[in-house]
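Visitor: Guided by the hints, dock chain L onto chain P, whose structure is given.
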Amino acid sequence: MLEIRDLTHAEDGVTHLDHVSARLAPGTLTTILGRTGAGKTSLLRTIAGLLVPDSGEVSLDGKSWSRLPPWKRPTAMVTQQFINYPHLSTLDNVAFPLVRKGARRAAARESARAMLDRVGLSAMVGRRPSELSGGQQQRVAIARALVKQAPVLLLDEPFVNLDYKLREDLREELVDMLRNESGLIVLYASTEPREALSLGDRILLMAEGRLLDDGEPQQVFGAPATIEAARVISDPPINILPLTVGEHVAAGPFGAQDAGDLTRDLAPGEYRLGLRAADLRPGGRHVARVVLSEVSGSETVTHLDLAGFPLVMHEKSVVTHPPGAEIAVDANLARGFIYGADGTLLRREAPHGQD
Amino acid sequence: MTHQPLDPEPRAPVSRTLKLALKYGFILFWSAFVVFPFLWALTTSFKDANGVTNGATWLPWLQYQPSTQGWASLFGGPGGTNIVRPYLNSIWVTLGASAVSITLGTLAAYGLSRFTFRFLFFRNADITFFFISQRIMPPIVLAIPFFLMLRALGLLDSLAGLILVYVALLMPIAVWVMVDFFNSIPRGLDEMAWMDGCDPVTTFFRVILPNAVPGLVVAGMFCVIFGWNDFFFAFTLTFTQTQLLPVSIVALNSSVTPWWALSASALVSIAPLVLLAFVVERFLSKGGLAGAVR
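Sequence order for the protein chains is P and L. Quick note: the first sequence uses the working numbering, first residue 14, plus one each step. Quick note: the second sequence uses the working numbering, first residue 24, plus one each step.
With the rest of the complex left out, here is chain P:
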């Protein structure tokens, strides 16, 4: 069990880690999801020993790592940049950590050759990193991390600098490889909610160095604990509307009849309503102006302006909405989340699945 206890780190007045705690069991792949600057890399670097926390500690199976320098920690890491040793061949790059651990060079090379075969680079053993493509260089880095057989594997957005297709392919390959590695604790940092939801057994949701939520993907996505968490985990962005409950009910530009039973039994007052982009649909009686429409694959995300409220609508089809055009929209408010004034979740009408 890898235990992260109350980690705090700040530098030049910027807080990178703010009392982060988590317990990670062997055999799990945990995704750390957050935007740039959320503290994902800081958390991984602290676990690796590359960053010394201001307070808190990391321990594995009850043994504290506080006094262990990075070169003595049983961790392996793959970073965003494809870091390899330029003066060594691909084979010697992968054999390097084994040689450092004391393995005989021939044995280390044999293991390295087997690992390179697993990552599909058996034909490239004699090449230098500079003679490989970006994807191949990152495969070498992954092979070097896996060959160590360290119990903790840290992956810091390993595919972010690759093109879309290669990223998808390598991600699938990596998941396949990790399935064969039993008892491994894998931490995978990502900025992409879809990746986090599809990849991990568990999600640590982070923003501004804080841990916003921690749980299984369905749980974290299905009922975001706070508005901030909802914003981080929603792609396309979630709509946050002011919700007034009193004599009349109003959720931004939408009125009482749209809210249905959602606001029933809710004490009069001011709330906020979180509404996923997929819960807006074309049609209905509200007329919105198209600000921007983006087609991604077979989906369309449209940014709208409805009576001064910015909204995002997600359609699972390719639709053309010219900017400036006026289209009718309707909202399924019954699927919304109600948040209190402090931004914490108060009510969720029905459990939501992953989009």
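Any given hint might turn out to be false.
Claimed, not checked - Taking beta-carbon pairs under 7 angstroms as the criterion, some of the chain P residues facing chain L (in silico):
id : residue
1  : LEU63
2  : PRO83
3  : MET90
4  : GLN94
5  : PRO99
6  : HIS100
7  : PHE109
8  : PRO110
9  : ARG113
10 : LYS114
Claimed, not checked - When the alpha-carbon atoms are kept at most 20 angstroms apart in a straight line, the in silico EDC-like pairs for lysine to aspartate or glutamate are as follows:
id : chain 1 : residue 1 : chain 2 : residue 2
11 : P       : LYS329    : P       : GLU208
12 : P       : LYS114    : L       : ASP222
13 : P       : LYS85     : L       : ASP222
14 : P       : LYS329    : P       : ASP248
15 : P       : LYS85     : P       : GLU70
16 : P       : LYS85     : L       : GLU214
17 : P       : LYS114    : L       : GLU214
No lab work stands behind these hints, which were simulated from the structure alone. Where a beta carbon is used, it is the ideal one built from N, C-alpha and C, also for glycine.
Guide: Here is chain L on its own, set in the frame of chain P:
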């Protein structure tokens, strides 16, 4: 129906031909500019007093009678000085001082590049500047303290004393060049080596140093060129026991300037540097760090 004859080979535009002519013209001019002094020194080294006073002559036997007097004088021939000993002294002092300077300078530079030092208001950049700042001072300012220190140590007029002084003079160059070079090596490479089980010392020797060869070569070249060519300190800190090549070349001068001997000594004094340039040239190729971090 008539056919227009096709131009069998389109002619190169005049401007392109002119550009080529200018380019090769410039290359030829520059080559002559570089080679001419060597050629002059070579022909002069095979002349005697008569040969050098008969104007610019280039062809032996046809324009002047070749003589080995200049070369013989380097080995203690008539009117000359044996430069074999000073030559070997220069090699020892230059290589010794350069090796020590590069070793210490590289270690210091790695520390300055990778670790943060703070003392009062001094930071890494200040320390790096302190190293190089002594090169700003005119040599005469340094000569007297060096003289006094070597005298106190009993190292005046000795190879060890000269090596010590040259280390003090060359190490700033090594630090200056290597700090800049190490800064260009991504820190991610050090960190990855740590993750792979290397402590900082192993990281330096196993990962960083093999990737710093071009920097070491540049720093080494600077050190060797300076050490080999220095006259001032070699002259002020030695007397009779120890002599370096530049001093012995000057000693060849007498009431009549022996141009033949000076030319021969000039050629032998630059020979090691030319040889070194050919040897290290292949290490200076760019792209040594390609593939480190993408």
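Visitor: With a cut-off of 7 angstroms, does the beta carbon of P:LEU63 approach a beta carbon of chain L closely enough for the hint to hold?
Guide: 5 angstroms, holds
Visitor: Do the numbers back the hint for P:GLN94, that is, is its least Cβ distance to chain L under 7 angstroms?
Guide: 5 angstroms, holds
Visitor: Mind checking the CB of P:PHE109 against every CB in chain L and telling me if the closest is under 7 angstroms?
Guide: 6 angstroms, holds
Visitor: Quick check on P:MET90 please, does its C-beta sit within 7 angstroms of some C-beta on chain L?
Guide: 5 angstroms, holds
Visitor: Compare the distance between the alpha carbons of P:LYS85 and L:GLU214 with 20 angstroms, and conclude whether the hinted pair is satisfied.
Guide: Cα-Cα ~13 angstroms, so holds.
Visitor: P:LYS329 and P:GLU208 were given as a pair; does the straight-line alpha-carbon distance stay at or below 20 angstroms?
Guide: 18 angstroms, holds
Visitor: Given the hint that P:LYS85 pairs with L:ASP222, test it: the Cα-Cα distance must not exceed 20 angstroms.
Guide: With a Cα-Cα distance of about 9 angstroms, the restraint between P:LYS85 and L:ASP222 holds, given a limit of 20 angstroms.
Visitor: For P:LYS114 and L:ASP222, compute the direct alpha-carbon distance and say whether it is at most 20 angstroms.
Guide: 12 angstroms, holds
Visitor: Can you verify the interface hint for P:PRO83: is its Cβ closer than 7 angstroms to any Cβ in chain L?
Guide: 4 angstroms, holds
Visitor: Under 7 angstroms, Cβ to Cβ, is where P:HIS100 needs to be relative to chain L, so tell me if that hint holds or is violated.
Guide: Holds - the Cβ of P:HIS100 comes within 7 angstroms of chain L, reaching about 4 angstroms at its closest.
Visitor: Report holds or violated for the interface hint on P:PRO110, using the least CB-CB distance to chain L and a cut-off of 7 angstroms.
Guide: 4 angstroms, holds
Visitor: Holds or violated: P:LYS114 with L:GLU214, Cα cutoff 20 angstroms?
Guide: 16 angstroms, holds
When the structure is compared with the earlier hints, no violation turns up for any of them.
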